[in-house]
Structures are given as C-alpha cells and as structure tokens.
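Asks: Line by line, the protein sequences are chains A and B.
Under the working numbering, the residue at position 121 of the first sequence is numbered 121, and the numbers go up by one with no gaps.
Under the working numbering, the residue at position 185 of the second sequence is numbered 185, and the numbers go up by one with no gaps.
Rather than coming from a laboratory, the hints here were simulated on the basis of the structure.
Heads up, a few of these hints could be off.
[Stated by the list, open to error] Within a straight-line C-alpha distance of at most 20 angstroms, the following computed DMTMM-like cross-link-like pairs (lysine to aspartate or glutamate) qualify:
| id | chain 1 | residue 1 | chain 2 | residue 2 |
| --- | --- | --- | --- | --- |
| 1 | B | Lys224 | B | Glu81 |
| 2 | B | Lys224 | B | Asp149 |
| 3 | A | Lys101 | B | Glu81 |
| 4 | B | Lys224 | B | Asp142 |
| 5 | A | Lys101 | B | Asp15 |
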Amino acid sequence: MSPVLTASTQGSESAIRSAPALSCRDVRVSFRDQEVVCGVNLELDTGQWLGIIGPNGAGKSTLLRSIVGLADYSGAIALGDGRTPGAADVALVPQAPIMPKGMTVAEYVLLGRTAHLGWLARESRADREIASSVLNRLELTAFADRFVSTLSGGEAQQVVVARALAQQCPVLLLDEPTSALDLGHQVSVLELVDDLRRTEGLSVLAAMHDLSAAARFADRLILIDHGRIVAEGRPAAVLQPDLLSAVYGTPLTVQPIDGELVVLPEPRRRAKPPKEAP
Amino acid sequence: MADASLPTTALPDADAAHSAVRRAFGMSIGAAVVGVVVLVAVGLFSATSGAAGLPVKGVLGALFDWVPLIGVDSSLSTTQENILFEIRLPRLVLGMLVGGSLGVAGASYQGVFRNPLGDPYLLGVSAGAGFGAVLALGFGLDLSWGPFDTVPAAAFAGALVAVLASMAIARGGGASPATLLLGGVAMAALFSAAQTYAIQQLNETRAREVLSWLFGQLNTTGWKQVGILLPYVVVCGVVLFIHRRHLDVLRMGDDEARSLGLDPARSRLVVIVAASLLTAAAVSVSGLIAFVGLVVPHIVRLLISHSYRVIVPLSALVGATFLAFVDIGARTLLAPSELPVGVITAFVGAPFFAVVLWRDRWSTT
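Put together the whole structure using the sequences plus the hints.
Replies: Here it is, written out as structure tokens:
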C-alpha cells in the first residue's frame with residue numbers, strides 16, 4: 001500500500017536530529033486563576049511517538065488542546081519551521097469524538113479536508129482522492145456508506161483516525177484515544193497509529209492512560225503532575241515504581257514481561273476480615 | 001501538499017471507496033432533477049388554475065414566446081396574457097422565492113443552532129417584523145424607501161432590529177448557540193408583547209387588516225415584490241450555499257470544528273446574518289408564513305440526506321414547490337375570497353411535523 005501522506009517522509013537520521021516536528025517552550029495555561037499547565041517544555045522529533053502520562057487532571061488534555069489552538073496559552077508552541085501550528089499541521093484525535101446522526105463514514109472522512117479548502121469550501125478532485133485513499137489505507141471501504149453514529153467504539157475510533165489522516169498533517173495528537181475501548185480494540189487502534197507513523201512518517205504526541213501501552217508504543221515518555229513535567233525520557237527510565245506510585249497516589253509495580261514493561265497496581269494490604277464464627 | 005502517491009491499481013475496494021466519497025461529496029443530482037420537475041409541474045398547475053382558467057398549451061406557448069429568440073404563437077388572448085404575466089406569474093414567482101428563502105433560512109438556522117427546532121423566526125424576526133408592520137399599518141409609521149412600500153419597509157426594519165438585539169444580548173456570533181437562542185427568545189417575547197399591545201389600541205377594521213398581514217399572504221402588485229426580494233435571494237442565497245459545508249463541520253461541535261480548521265464563531269455569524277437578512281426580506285413582502293422554514297429541511301432530511309450540503313440547496317427547491325402548491329389552495333379554496341397562505345402552511349405543516357415527531361425519525365442536529 002503506498003503512503004497516503006506526503007509530509008515529512010524524508011526521515012533520514014540527520015533530518016530527524018535537526019528539525020523537531022513540534023516544540024513547546026514554557027507553555028502555561030490558566031483557567032480563571034488556576035494554572036493547570038505550568039511551564040511545559042517539550043520537543044517532538046519527526047517520526048517519534050512521544051507519550052504524555054499522568055493522573056487525571058494533570059494537564060495532559062489541556063496541553064494537547066493548547067497545541068491545536070483550543071486553549072489560550074502563554075509561551076511558544078511552534079512547528080519545525082517556526083510557525084504556530086494550524087489545522088493543516090496538527091490533527092487531533094479527540095477523547096470523545098462527536099458522531100453526528102445520519103453522517104456517513106465517507107462524509108466524515110471528507111470533512112478532514114476542511115483546512116485545505118478554498119473560500120468556496122468545495123473539495124477538489126484531489127481532496128476526494130485523498131479521502132478515498134485514506135478509506136482504502138485503513139481498510140474502511142466496507143464501512144464507507146455506513147452512518148458514523150451506528151459504529152462500534154473501535155470502528156468509530158478508526159474512522160476518527162481516518163479523518164485525522166485525511167487532514168494530511170505531519171503531527172498527530174491523540175487525546176487518550178482508547179479510553180472507551182475494550183482491550184483488543186485498544187491495541188488495534190494503537191497498532192494502527194504506530195503503523196501509520198512508520199509508513200507515513202507521522203510524529204505522534206499522545207496523552208495515554210494505559211501505562212503499559214505507553215511503555216510499548218512510545219519512544220519517549222513525559223510524566224506530568226499538577227501541570228509540571230516531573231520525569232522525561234525513555235519508557236524504562238520514566239516508569240519507576242516509586243515515582244509512579246507517588247504521582248498516581250497508589251502503590252504501583254513495574255514488571256518486565258516478555259521484554260515489555262507492564263505497570264500493575266500493587267495489591268493493597270487490607271485489614272483481615274473478621275473470622276467467621278464456626 | 002499535492003498528493004502524488006495515490007494507489008494506481010484499480011482494486012474493487014478502491015472503486016467502492018471512490019464511489020462512497022463521490023456520494024458523500026455529491027449533491028444528489030437525481031433528487032435535484034426530480035425536485036425541479038415537480039417545481040415546474042406545480043408552477044404550471046398554479047399558472048393555469050384560478051378564477052379565470054388558462055389553457056396549459058396557451059400558457060406554455062406564451063412562456064416560450066416570452067423567451068428571446070423563440071417565436072411561438074401563444075394562442076392566449078391579450079386579457080389572458082395580462083392575467084398570466086401581471087397577476088399569476090408574479091404571485092407564483094414570489095411564492096417560490098419566499099418559500100425557497102424560508103426553506104434555506106430554516107435549514108441554515110437548524111445547522112447553526114444544532115437544533116431541530118431551528119426556524120427562520122428563531123431570533124425574533126417574526127415578532128420584530130410583526131411589530132414593525134403593526135406600526136406601519138395601524139399607526140402610520142412611514143419608513144418607505146426606494147422600492148420598499150410602507151409596510152415592507154417597517155417590517156424589514158423591525159425584523160433586523162429584533163435580530164440585532166438578540167445578537168447583542170448574546171454578545172455576537174461568538175456566543176454559544178444556546179445563548180443566542182435565549183437572546184432570541186427574550187427579544188421575541190418583548191416584541192410580541194409590544195405588538196399585542198399595539199394591536200389592542202387599534203379599531204376593529206385596522207386590527208383585522210394587521211392580523212391578516214400577520215398570517216402571511218402573497219399579495220402582489222405586478223412584479224414589484226419580486227423585485228424587492230430578488231436581490232436578497234441572490235446575495236444571501238449564494239452566501240448560504242457557499243457555507244453549507246461549514247454547517248456539516250459545525251455538527252461536530254465547536255472544538256472539533258476548530259481543530260479541523262474552521263472558525264465556528266465566524267461561520268456562525270456569517271450564516272446567521274445572511275439567513276436573517278433573507279428572512280427579513282421575505283417577511284417584509286409576504287408577512288409571517290409559518291412552518292415552511294421549520295418543516296421543509298426536515299422533509300429533505302427524511303427523504304434524502306442529513307448532510308447540509310444537500311439539505312441547504314434542496315430546501316430551497318422543496319420550499320419553493322411547497323409554497324407555490326399551497327398558494328394554489330389559498331387562492332382557490334374559498335374563491336372569490338382568499339385564505340391567508342400562512343394558515344394553510346400551518347394546517348399542513350403542523351400535522352406533518354407531529355407525524356415526524358411520532359415516528360421519531362428526526363435528527364438532533
């Protein structure tokens with residue numbers, strides 16, 4: 001299958017080193033008087049999967065929202081060439097995408113072309129061909145005429161990924177993309193994204209709840225707590241039981257199973273139940 | 001960003017994806033053709049029926065004869081030609097323009113407000129226009145300007161004041177749809193109260209005149225009303241047609257729309273302004289014709305598609321057909337006296353809407 005995306009496919013080692021796909025400098029976001037993202041610096045290299053982990057309310061989603069321009073921030077968010085990212089540069093796969101009633105999968109994917117249209121807001125032949133090649137690429141052809149509101153969670157998330165691909169952005173942001181899915185679909189969606197990253201040269205920035213999945217798919221991890229980065233590096237370096245237990249507020253263990261790190265809650269010692277009377 | 005690396009092998013799958021995308025992109029050509037045929041048929045039926053029956057063949061001949069470069073012997077008498085060109089056709093065309101305008105404006109409002117109850121009168125257009133008309137008919141308010149007579153001018157001004165006030169309350173198009181909606185409700189209530197009070201101050205004859213205007217009717221004096229409405233139909237129609245795809249993006253909510261590259265507040269503002277101008281112009285020449293703007297987009301949605309790129313243009317077609325058809329009844333049912341066409345649209349529209357509701361097949365956006 002030939003690549004759908006043209007962006008940033010020149011991924012030679014030197015190019016990867018020289019140009020980050022996206023960088024954040026001292027990004028701060030406040031709601032009312034409370035700062036929820038407090039001076040985050042990060043760099044997403046081209047072709048890299050950077051995972052953002054941290055407990056609920058740590059500021060993961062807010063950081064992603066500020067990158068796509070949905071939250072006001074101070075500081076600098078820039079692409080490799082110094083521009084502020086727009087909808088043609090960064091595609092977001094939202095946590096809970098809205099699936100309008102009566103909209104077909106093909107219509108939904110075609111809406112990914114919005115940022116590329118002229119003022120007549122009409123798709124060109126090229127736009128339509130991009131949409132249909134994305135449908136082919138993700139093997140969604142059989143679904144193309146189905147209504148998005150009738151899809152199962154896993155199918156729906158694939159369709160959202162397809163729409164993001166049709167946006168043809170070099171950077172893909174995932175906001176806990178698998179939180180509504182069962183285990184099998186979680187893995188298949190993440191594998192799909194990982195596959196696309198390799199074949200299409202995408203750079204992926206993903207907020208992730210599942211720490212084991214983060215360890216498996218991400219090249220690097222950023223651990224955020226209360227809006228600040230508390231650890232950063234390769235998964236094995238960030239996923240330290242003591243650190244995670246402190247940040248998540250519950251005892252966690254990290255165990256290598258078949259060469260992959262698996263994060264598990266440590267069974268709490270509970271008070272012994274009173275002995276039943278014989 | 002040209003895409004040079006598309007699959008070149010023609011897999012059956014690729015064809016299927018292609019045609020699905022084409023369907024998603026397309027305008028339902030078949031439905032549009034059927035719509036145009038029905039519109040023409042209703043138009044012909046309308047032009048030939050009435051107190052003075054005109055032969056179909058003669059009407060067709062006269063119409064073709066009217067087209068430059070075509071010479072056909074129309075076989076209509078001069079009186080019949082006068083009836084056709086100065087009475088029947090102006091009214092028919094006005095009905096089609098008003099119906100089409102209300103259909104498009106209703107579809108646009110439903111899209112912008114993500115609300116199936118969206119209606120061209122949602123932001124107080126009706127109450128504002130009604131109040132303006134009452135002042136003009138009953139109290140001699142004279143804002144006549146250019147081709148606008150007293151009543152249309154006052155109704156147009158009242159409608160615009162009400163919409164602008166609704167938007168000002170909600171602080172512009174940037175406000176959420178719900179806030180705008182509430183602003184509209186507040187303004188509609190205020191202007192309705194003012195209108196009711198004003199009507200109460202009138203004597204019976206005047207009050208009856210005002211009420212029959214409020215019910216909506218297609219009274220024409222030659223082509224004058226068509227001339228007033230046509231510029232708004234062209235300009236606002238083009239703007240709304242261009243923005244129909246934005247309405248599909250807006251269905252995903254403001255956040256997703258923005259992440260896809262649309263400025264939701266800007267799109268909303270443009271669509272609301274265009275739809276309101278169109279409605280105000282329609283109301284100024286025809287009074288308040290109920291239910292067309294509400295029901296027509298739902299008919300298209302039920303029969304053809306939920307996509308606004310189809311709903312907006314087809315609502316123009318269906319709205320035009322519907323009002324032209326209903327107006328035949330308004331002219332002929334109680335001949336020689338006339339029923340306000342708004343009464344018939346409400347009589348037809350309300351039960352239809354009840355059936356739609358009952359079947360629970362409507363869309364929430």
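Asks: Has the given pair, A/Lys101 with B/Glu81, been kept, meaning a C-alpha gap of at most 20 angstroms?
Replies: Not satisfied, since the Cα-Cα distance of roughly 50 angstroms exceeds 20 angstroms.
Asks: So if I understand the rule, the pair passes when the alpha-carbon distance is 20 angstroms or less; does B/Lys224 with B/Asp142 pass?
Replies: holds, 18 angstroms
Asks: Given the hinted pair A/Lys101 and B/Asp15, is their alpha-carbon gap at most 20 angstroms?
Replies: violated, 26 angstroms
Asks: Need the status of pair B/Lys224, B/Asp149: alpha-carbon distance at most 20 angstroms?
Replies: Holds: B/Lys224 and B/Asp149 sit about 10 angstroms apart, inside 20 angstroms.
Asks: What's the verdict on B/Lys224 and B/Glu81, does the C-alpha distance respect the 20 angstroms limit or exceed it?
Replies: holds, 18 angstroms
Comparing the model with each earlier hint shows violations of hints 3 and 5; every other hint is respected.
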